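Chains as they are written, first to last, in the numbering used here: chain A, 1 to 419; chain B, 1 to 143.
Careful, some of the hints might be misleading.
[What the hints assert, rightly or not] Some chain A residues flagged as far from chain B (calculated, every beta-carbon gap over 10 Å):
| no. | residue |
| --- | --- |
| 1 | ARG26 |
| 2 | ALA40 |
| 3 | MET73 |
| 4 | VAL128 |
| 5 | PRO229 |
| 6 | PHE395 |
[To be verified] Among chain B residues calculated to face chain A with C-beta under 10 Å, some are:
| no. | residue |
| --- | --- |
| 7 | LYS17 |
| 8 | TYR18 |
| 9 | GLU21 |
| 10 | GLY22 |
| 11 | PRO38 |
| 12 | TRP53 |
| 13 | GLU55 |
| 14 | SER57 |
| 15 | VAL76 |
| 16 | VAL99 |
| 17 | PRO111 |
These are calculated hints, taken from the structure and not from any lab test. Owing to the predicted nature of the structure, the values given are computational and were not obtained by experimental measurement. Note that CB positions come from ideal geometry on N, CA and C, so glycine has one too.
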Amino acid sequence: MGKLARKVALVGAGTSKFGQTFPLRRIPEHWTDAWLNAVATVDNGIEPKDIEACYVGNYSADLFNHQGHLGPMISSLVGLNPKPAPRFEGACASSGIAMRQALITIASGLMDVICVSGIEVMTEVPTVGVTDALATASDVSFEYTAGATFPGLYAAIATAHMHKYGTTHEDLMRVAIKNHINGKENPYAQMQRSIKDLMERKIAKIKGAGGEVPDWKDEFDYLKSPSNPPIAWPLHLFDCSLVTDGAACLFLASEDVAKKFTDNPIWITGTGQGSAAIAMHDRSTLTALEATVEASRQAYQMSGRGPKDIQIAEVHDCFTIAEICAMEDLGFYEKGKAVEAIKNKDTYRDGVKPINTSGGLKSKGHPVGATGAAQAVEIFKQMRGIAERDRQVKFDVEIAMTHNLGGSGGSCVVTIYEK
Amino acid sequence: MSENENENEITINNYLKYLSEGKLMGSKCKICGHVDVPARKLCSKCIKPENEWIEMSGKGKIAAFTSINVGTPYFVKKGYDRKRPYVFSIIKLDEGPMVSAQLVGVDESHPETIKIEMPVKVKFLKVEVEGLPEKVDLGFEPA
């Protein structure tokens, strides 16, 4: 495993407001919002002339928007033509991969400054089209024909995990409850409400309509009620991330020029990317994601850090079970032990190892191709101490991680950040 | 090369053709003996192109499953919906490999009654849906 030939810093980062809007905000609106928000975070300013390329992470504008060839489209909106504008695709890991390739390009000495774009506008097609487009990130010949949806694949992981380690429905619920509590504090999140808020709102609505008030003592009762219908058992509505439109923008700079943009660069000290068979039935285990294990092994080795050094992490919680698997596969906890940490609230914002302070994909939203870059935006904010509302962790974050999965774990990118 | 010369080639088309004849076929490596299902051209273990067809017993156990309420457009066309869920499963065959398949003959609306490691046997599911070509999908049912 090699090292980076020179240091690379994150010097600016921002997202658009994630969500679903009517009328639809399309690709140009989301992307330019993200660009402007990222530009605003660069202490000494950044202009198109400072940037040598635009690396675009996008899963499938082809299916969601009937628009291919997204690279030059994105770069032209922010004055980056005629510079190179490649697009990277790795399902939900697309912009994690774009960021990693930008990092490698800069470390190689070829370029000094690259703009990374992550973007997905998913709601331009009806829900059935969204389900279908996402399902093409599975093995279309053998999983799709057997009926696999994306929630279905992670639900299968959940049943295997429950069988092997005794993980329960309540454990899954705890992940969702925590991530919604965080998302409430994120003004860029799609769903800025805790599950308790949603429960109380529902009770008020039923009362208002003169109906029989449900006997819900807490969020668990609410999540066991018909208000949380099954999507792919054992996963219910609140186990699933959201269908989201959004974009994220990152500015990466070499150590030779980073100081021009800021006195407080966030250094990327470790990167790793792993892969696994796209079809889950072709893998050696169903209870761990081998691409995560491999990507994190590379990132730990490059940075010289280990799981205990990571103070906060944004992990890929496309489904609640995915956060539990990530906590274990990244080496934070032994297999089967993550649920104890969740019960202890260790991964809450005020816990010993905060995870998904942004609200995660669960509450912040999951515009698939934008997610990897958006995770880096949260880490940038937490390490700078500029996370909005009450979301900032109460200690100085020196070392952090992002974990970005593609599909049911066929691709994974892990990145380590240090001040 | 004529089409006939390809008749025995390990391709997805030929795998599906066997499936339509009621045969679950894998491939067995002549060098290392590893078995892959669905059949594939290169052995997944030694990556040598010396695989030959081998018919599976069709017996196995449930490795993972889910009862799906919001299905793919294909399964929606087959008549499944929120009130009529279907079960997607990953089956570990007695011969070793795992396959993805619909699990039938179980209570889809009460998935807690379905157990991992439950023995199952292959069932070839004839698809006859208006607007879809007639075909056979791989399925399993309790043994």
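Hints versus structure:
no.: 1; hint: ARG26; verdict: holds (24 Å)
no.: 2; hint: ALA40; verdict: holds (39 Å)
no.: 3; hint: MET73; verdict: holds (28 Å)
no.: 4; hint: VAL128; verdict: violated (6 Å)
no.: 5; hint: PRO229; verdict: violated (7 Å)
no.: 6; hint: PHE395; verdict: holds (39 Å)
no.: 7; hint: LYS17; verdict: violated (14 Å)
no.: 8; hint: TYR18; verdict: violated (14 Å)
no.: 9; hint: GLU21; verdict: violated (17 Å)
no.: 10; hint: GLY22; verdict: violated (17 Å)
no.: 11; hint: PRO38; verdict: holds (6 Å)
no.: 12; hint: TRP53; verdict: violated (17 Å)
no.: 13; hint: GLU55; verdict: violated (18 Å)
no.: 14; hint: SER57; verdict: violated (17 Å)
no.: 15; hint: VAL76; verdict: holds (7 Å)
no.: 16; hint: VAL99; verdict: holds (5 Å)
no.: 17; hint: PRO111; verdict: holds (4 Å)
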